[in-house]
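Student: Add chain B to chain A, keeping to what the hints say.
The listed protein sequences correspond, in order, to chains A and B. For what it's worth, the working numbering labels the leading residue of the first sequence as 1, then goes sequentially. For what it's worth, the working numbering labels the leading residue of the second sequence as 385, then goes sequentially.
FYI, nobody ran anything at the bench for these hints, they're computed from the structure. Heads up, some of the hints might be wrong.
Unchecked claim - Stretch by stretch, here's where chain A covers chain B in the computed footprint (C-beta under 8 Å, at least three residues):
hint, segment
1, 446-460
2, 466-475
3, 651-661
To be verified - Simulated pairs of lysine to aspartate or glutamate, EDC-like, Cα-Cα distance not exceeding 20 Å:
hint, chain 1, residue 1, chain 2, residue 2
4, B, K577, B, E424
5, A, K205, B, D430
6, B, K656, A, E46
7, B, K475, B, D423
A virtual CB, placed ideally from N, CA and C, is assigned to each residue, including glycine.
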Amino acid sequence: MHADPAGVLTGAHFLDGDHAACEGALAAECRFVAGYPITPSTEVVERIAQRFPLVGGVFIQMEDELASSIAIAGAVWGGKRAMTVTSGPGFSLMMEHVGFAVMTETPCVFINVQRGGPSTGLPTLPAQADMMQARWGSHGDYEIIALSPNSPQECFDLTFKAFNLAEQYRVPVLVMMDECVGHMMERVVIPRAEELEIYPRRWTKAAPGEYLPFAPGEDLVPAMARAGQGYRFHMTGLTHNERGYPDMSVAAQARLVARLTDKIRKNADALQDVVEDGVDGADVVVVCYGITSRVALPAIEACRASGLKVGWLRLRTVWPFPERLIRDLASGLRAFVVPELNMGQIVREVERCAGAARVVGVPHAGGTVHDPAVIERAIREAVR
Amino acid sequence: MSERANPVERYLRSDRIPHIWCPGCGIGTTVNCFTRAIDESGIPMDRLAVVSGIGCTGRVAGYMHVDSFHTTHGRAIPFATGLKLAAPGMKVVVYSGDGDLFAIGGNHFIHAARRNLDMTVVCVNNLTYGMTGGQLTPTTPEEAIASTSPYGNFEQPFNLPYLAESCGAVYVARWTTYHVTHLKKAMREALLKKGFSFVEVISPCPTLYGRRNRIGDGLDEVKTYKQRSVIRNGAPTSEVSLGMTGPIVVGKFVDRERPTYQDAMDQFYARKLGDRYARASQ
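Chain B on its own, in the form it takes in the complex:
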């Protein structure tokens, strides 16, 4: 590799480019940050697995040049659970969207966080279902127009960092695709954090969210992130909910220690069963 080679190319399946994402979409930006985070983390590529669900962000697994799994809608986390418990030496990352992880897959998110499974979950939150045409998701802000809320959304959305913290995640951060350096750092920290780590990335979907909500193109949407975002590391997650207007609070909100599922299981069985406990082989 020459010194001028693209530093992230080795992490991508170049034979699958061009990707499917629209011009102005933020998912590619998050993947760029993710590859740099892997690079800085020192995690060997052969020990890294990326698991995705269904949707635009669900296609990330297919572009990563690692063992990668494109699973079913909403079920990336339980697939990753089985993978991690069967191959504890792997670093398992779930990379998916807001609809996949928090509507159809919401139950799995809360239980994986509760169990403190040793995995990283990256949620690209574009506030809509992109792949199916811009429908309402559990994170669509109140008043926002979606194809299934043509008069605007009257449901209260999830505040994802608050949800993650309450369920037991040990690392919780939120950034936008404007904050590429912060995002890369947060992803690196999440990759190196033992336990259930969660990174939310607010990301533009100009085709199906920005256009409908008169935000403009992808660049215009990123400019609103720049204008609206406020960095508050350590902010109480109960105070970081998102609206159509008002501040987008970003930062690292949670960084704490709890025994992982596997450590808890091993220690518990060793105490209860003594020499009779047979640890799973890798």
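In isolation and in its complexed conformation, chain A is listed as follows:
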């Protein structure tokens, strides 16, 4: 199914990442956004507020992030594609509804334009310190999908992709931008609508009397019904059976939580999305994502110029983590170097999978990007 041309701003534009993410959502047929202002993400919803009345979308500025993050769930069950947008403090408030969306299998998108924390931190300056919160921030056991764009073009591309993944797996998808990517302006090329493939919502084909709202298909994902179509279904954040009714048994819990995690874990390879350069035959591979993947490039070039074999492995999908790929790479190289704008988050994932290879983190508390010379030094130290 091709995208609705009404929302696709085909052409070459000069946009910042926040605006590009807005256009990605529009192209993906997002027609409901609830948001609450927070720097440095606000430009996304400002553009939504301007664009939506022209394309049949509904934007509502809610009273807080708790409200925004569940209003989108309501809109999804009413039939819309929906997202909310925030930054660190708001992301913390939204955590309960990330879990709610997981439990009720509500396909939706959360954008987090990351800034320095903890607490109010550095509202206008970059960080990548919410990566573990994205994975584990809501209570209970679950799996989500998180993407990490490194340019305004990818803010468009990956926000578009996020909506498709949300529909395919019926899971919240988190677009983990950062302040740099959100505010940098670059050329963004938006394709024609017929070049944009939409993954349609998995509407049930069952008759109302026969529909089981949480009975999974072969790929563990159930088909969905929307309100007002006569299905008279029930959904709840409680542990539930296939009918959607609460079931407080150990067996129901085991069955449901296993399915919610397996539907992502068993598709980890299909979900893997990385960009590689010079990884084959490398002695050291720099694992990076978001803005830091660009800052690492001059460091890698400098090392290569002096004869070191350095690979660049950029994660566009951070969660699920490309575990198998890292394990496979680990056997053939001496070290991984993991620069990130936090005190060490994704580096732990790399350590978990690195086997005998050395793992060198390059932490940074945020507020600016790394000095490439620091990353270069870490690469040289790693293979010394």
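Tutor: Showing chain B alone in chain A's frame:
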């Protein structure tokens, strides 16, 4: 269906009965009134959605045989907001308790009323948190004993009709579970009212409120409603606050007109943007 069939059964998920509510609890009485109100309203069941938060009353959604949503604690109203804006043809009812709607969810109530979102909010006000063991809520009367106010409550409670009216609700009524006919009528009027309508139902929680406050069982508590309540339709809402003793003022307090959120949005954008305005499809 035979003529002797239970008139409200078709509105309930019979496969989920027995329900979780205690003997003497008033929530079932309110649901009985609600089903009869739906019946009389003529609203097709397939166009009705019930959204609940968390708590004893939060379980109502799960017993209604309509599209039903059991959401998170305090957030039934913002969920309902998204649902209503995405599916404007639905009649959306939020059915929840006093703790859920007015403590953790209070912010959403006041903003939904301010926006005049086209939805009905039913608050079963049992003056306590039943599900978690009888703690203090924002509506617990002064002096009342709760598990977190073991010496009695010294906080001033909310007067819910006053709050609803000041925030912009277009329909506000209060009844008790003693007043089943009045309650059913108020629920029907609220269902058919365009805009943000609010019905408060004073309801017994014998297990965790009545027992602690020496009111007796559920029936005894309903008898106090009969003794204490005074019907004053149109009473100024500033005069209807509740205490441990004294009158329980009941009636229809507010019934007025204001443009709903969606009508205001449509009319505003049509005026500002003219032909460029693209109304959301349903």
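Student: Each of the hints needs a verdict: does it hold here or not?
Tutor: A quick look at each hint next to the structure:
1. 446-460: Result for this restraint: holds, n = 11.
2. 466-475: holds (count 8)
3. 651-661: Result for this restraint: holds, n = 4.
4. K577/B / E424/B: It holds: about 14 Å lies between the C-alpha atoms, which stays within 20 Å.
5. K205/A / D430/B: Roughly 18 Å between the alpha carbons, so the hint for K205/A and D430/B holds.
6. K656/B / E46/A: Judged against 20 Å, a Cα distance of about 17 Å means the pair holds.
7. K475/B / D423/B: Holds, at about 14 Å.
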